[in-house]
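Visitor: Chains A and B are the protein sequences, given in the same order.
Position 141 of the first sequence, counted from 1, bears residue number 141 in the working numbering, the numbering being contiguous throughout.
Position 436 of the second sequence, counted from 1, bears residue number 436 in the working numbering, the numbering being contiguous throughout.
Note that these hints are calculated values from the structure, not bench results.
In this text, all values refer to a predicted model and were calculated from it rather than measured experimentally.
Incorrect hints may have been included.
Derived lysine to any residue pairs resembling SDA-like cross-links, with alpha carbons at most 25 Å apart [claimed, not checked]:
1. 383(A) <-> 430(B)
2. 325(A) <-> 148(B)
3. 380(A) <-> 148(B)
Label pairs and their calculated CB-CB ranges [claimed, not checked]:
4. 447(B) <-> 369(A): 24 to 34 Å
5. 49(B) <-> 44(A): 26 to 36 Å
6. 173(A) <-> 405(B): 43 to 53 Å
7. 103(A) <-> 402(B): 26 to 36 Å
8. 124(A) <-> 99(B): 49 to 59 Å
9. 86(B) <-> 103(A): 52 to 62 Å
For each residue, glycine too, the CB sits at the ideal point set by N, CA and C.
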Amino acid sequence: MKALRRYIDKIKPNFVKGGKYEKLQSTFEGFETFLFVPNTVTTAGSHVRDSVDMKRTMALVVISLIPAMLFGMWNTGYQYHLSIGSEATLWGNFWYGFLRVLPLIVVSYVVGLGIEFIFAQIRGHEINEGFLVSGILIPLIVPIDVPLWMLAVATAFAVIIGKEVFGGTGMNILNPALTVRAFLFFAYPGWMSGDTVWISQLTEGEGIVDGFSGATPLAEAAAGNLGNIPSVWNMFLGIIPGSVGETSTLAILIGAVILIYTGVGSWKIITSVFAGGLVMGLILNLFSVNPFMEIPAWHHLVMGGFAFGAVFMATDPVTAAQTEKGKWIYGFLIGIMAILIRVLNPAYPEGVMLAILLMNVFSPLIDHYVVEGNIKRRLKRAKINAQS
Amino acid sequence: MPKVIKIKRGLDIPIKGKAEKILVQADPSEMYAVKPIDFAGLTPKLTVKVDHEVKAGSPLFFDKYHPEVLFTSPVSGKVVSITRGERRRILEVVVKADPQIAYESFRQGDPESMEREEVIENLQKSGLWPFIRQRPYHIIANGSDIPKAIFISGFDTAPLAPDYDFVLKEERDAFQTGIKALSKLTEGDIHIGVNGTFPVCDVFKDLDRVQLHHFRGPHPAGNVGIQIHHIDPINKGDIVWTVNPQDVVIIGRLFEKGIFDASRIVALAGSEVKTPRYFKTMLGACIVPLVKDNVKEGNLRYISGNVLTGKKILNDGYIGYYDSLVSVIPEGDHYDFLGWALPGLSKFSMSRTFLAWLTPNREFTMHTNLNGGKRAFVMTGQYEKVLPMDIYPVHLLKAILVEDIDKMENLGIYEIAEEDLALCEFVCTSKTEVQSIVRNGIELMIKELG
C-alpha cells in the first residue's frame, strides 16, 4: 500500500491548481479518497470524530441492495427461460441475467458519475457519493429490456435536472433514481408498461411458448384476472415478472434488515410505509366494488414495487421528511397514496413511484408543520412563565 | 428515592485512557498563562507589559467593554511574554512564577454578612468573576443583571471527564462558602445537578437555598445546559448563571482566606498517557510537569478540556481557565487505505456501520482524523439521537447559517451552547463543524440584539 501511496503523492501535483491536469482535480480527488481516507485532522470543534462518513454510509446502502440485485439477475434468466419453454440451471439463469443486467449498471454509472464528476469540477467540490447508490438503484427499477440509450438519456436528465441544478447531493427535492423512472415512464411509455417489457426479449417475440403472457401480477389484477395472479408465496420470493430488483420481497427485506440494523435507513419510514399500505388496502377491502379492491390488503405489500419503494426509495434521507415525527407521517402517506393510485387509477399500473415522488415534494411541508409545533411549544412555555 | 430525571438520548464515547482515582501532587510548574481565547467573545485590554512583576490576583488584562471584569494572574512572578496570533490578537499572557507565591489581599469574611454589590466587587477585583457565566450565550456574566437562578452541574459525563465526587472530596468547606457567596447573587435558587446513578456526594448535601436534581443517562446528561433545559428551560429574556463546581471552591477560598488561591485538581487522561491520574496543580499551569515522561511516543494532540469541546494546546501549553482535564490522544494525520470499505473492527461509530459493534464493551483508541470528507447535510435523525433537548438541531443550524435571527430565536438558540451540540458534531456523517456554527450564531445574536 505504501508504494501505491507514494505513487499517488508523486502524481498529485499534476492535478492541483496550476498543474497539468487541473481540470481533473475533482476526479483525481474522487479516486484518491476512494483508495485512501484522507489524512485531514480536526482543526476546530470536536477533536475526535465518529468513524462513519458518506462513503461508508452509501457503501452500506449498496451492500443492502445486493440481495435484491442478485435475485433480480437470477429471476431475469429464469423468466426468460420460462418464456421460451426451456429450463436452465441456477447458474445458467443467473449468468443469463447477469449479462443482461450488467450493461444497465454500466450505463447508469458511467453516465451518472460522468456528470457528477463534471459538476464537482465546475463547483470545485469534492465528488459526492450520492450517485453510488442511485447508480445501482436505477438498473433495479427499470424493465430489463429498456434500450440503453433511453437509460442514458433518463439518467442524464435525472442527475442534471433532478439533482445538480438544485446544488447536488443533499439539496435535491426528488429522489434521483425515481426521477429516472418517471422520465422513462412518461417519455417512453411503450417501454415501461404493458405485458411484454418485463421479460427479456419478450418484445421481440421469438420462440415464445404459446399462451405465455409475461404480465405482472399487478397487470393481471388491474385487468380483473385474479385467477392469474401467482401465489403469495411466489410473489414474496419474487419468482414473477417485474422490474429487475423489485420482485423479491424476501431479498428486499434482507436489505431492510441491513439498513435498519446499521442505522443507515430509517425504520420509522419503512414501517410507516408498510402500515400506510396496509391501512389503505383494508379501506379498499371495505368497499370492494371491483375485483382489484378485493385483493387481501396484505397481498399488496408483496406485489409490484411496494416493498422496494418502501425500503430503498422512501428512506432516501435527502428527499424524505427530516424530522422524526415527520418521518412517520411521510411514510404513512406514501403507503396510502401508493395503494390508492395502484388500485383506483386505471392509467398507472403501479402507484409506488408516483406516491414517493409526490411525498418527496410534500416532505418539506410536513417538516414545516412539525417544526412549527416545536416553535409553538417554546412560545407557550415563555408565555406561561411571563404570567406566573 | 429522589426523583431522577432520565436522559435517554446521548452517547458515552468509549475512549481509552480514563484517569485512575489516585491523586498526585504535581511538581510546581515554572510557567503559568491566562488565555484570553478561553473567554468567548472577549476583547482583552492589557494592564501589564513584559517584565512587570505581579502577585497572585494582580490583573493582567480586562474586558474592553466591561472594564470592571478583571483577569488576574494565578501566581506571583514576572510577566515573561505576551503571545499574539493573527491580527495581533492576544493568545496568552505568560507569567514566570516565583518559588514562593505572594498574594494580593482581597476582602475576607462571611459572604452572608455582605451585600450583593460587595460580593460582586470582591469577585471582580480578584479576577474570579469570569468563573460565573450566563445562559443564554454561554459568556461571562454581567454583574448588572439579576439572574433567575444559578445552575451548577455536579458531575461531568464528557469522555474521560474527571469525577467531581473524587475531586471535591476535601473541599466541602470552601464549596459551601462559595455557594453562600453565589446565593447572594440571585433571588432565585441555586440548582445543582447530581449524578443519579450514585449516592449524592457529601459536598452537595445540606446546603442552604440549594435544590438538588438527580440526572441519569449518557453524555451530555452532565452538561449544565441540558440540565437547565430539563429543570427550568430558558425563555427569551431569561438570564441564568452557571459555575463549574471546582470554581465554586476557588470562590469559596477567596471569602475564607481573602486571596486568589488558584489550586485545582486536574485529571490527565487519554490513550497516550502512560499513567492517567489526577494531579493537584493550578489553573493556568504549564502541563510540562504533568506530561513529562508520562506520555507515549508519537505525534500527539494535547487538549485542555475533553476531546469533544477542549482546546488544542502545545505539549508545553497551559491548562485553560475553566478546564479540569487534560486529554492526550494520537494525531490522526495518516492515510487509511480503503478505510471506508474495510470491516473496521477497531473503528468506533455510533451507527453499526463498522464491525466494531461486535465488541460492545470495548474501549477504543481514538485519533484526530476527520474520518472522511466534508459534505452537505445528507443523513437525518443523527443529531436528534445525541441531543436530549426539545430542539430541532439541523433546523436551528440552518437558521444560523442563513443568519435568520427570528428563526434562531424561535428554534431555541437561547438554550444551547457549543458544548451541548458537541456530540452532534462527533456523530455527523457529513463532518459539519457544528460547534463553530453554534458560536457564530451566538455571536450574531449578541451583535444584533446586544
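Visitor: Verify the CB-CB distance for residue 124(A) and residue 99(B) against the hinted window 49 to 59 Å.
Guide: 57 Å, holds
Visitor: Check whether the Cα positions of residue 383(A) and residue 430(B) lie no farther apart than 25 Å.
Guide: 37 Å, violated
Visitor: When you check the alpha-carbon spacing of residue 380(A) and residue 148(B), does it fall within 25 Å?
Guide: 19 Å, holds
Visitor: Is the distance from the Cβ of residue 49(B) to the Cβ of residue 44(A) consistent with 26 to 36 Å?
Guide: The hint (26 to 36 Å, Cβ to Cβ) holds, given that residue 49(B) and residue 44(A) are roughly 31 Å apart.
Visitor: Are residue 325(A) and residue 148(B) close enough, with their CA atoms no more than 25 Å apart?
Guide: 33 Å, violated
Visitor: Taking the Cβ atom of residue 447(B) and the Cβ atom of residue 369(A), is their distance within the range 24 to 34 Å?
Guide: 32 Å, holds
Visitor: Within 52 to 62 Å or not, the Cβ separation of residue 86(B) and residue 103(A)?
Guide: 56 Å, holds
Visitor: Check the following: the C-beta atoms of residue 103(A) and residue 402(B) are separated by a distance inside 26 to 36 Å.
Guide: Since the Cβ atoms of residue 103(A) and residue 402(B) sit about 44 Å apart, the hinted range of 26 to 36 Å is violated.
Visitor: Verify the CB-CB distance for residue 173(A) and residue 405(B) against the hinted window 43 to 53 Å.
Guide: The hinted range 43 to 53 Å is violated for residue 173(A) and residue 405(B), with Cβ atoms some 27 Å apart.
The earlier numbered hints that this structure contradicts are 1, 2, 6, 7.
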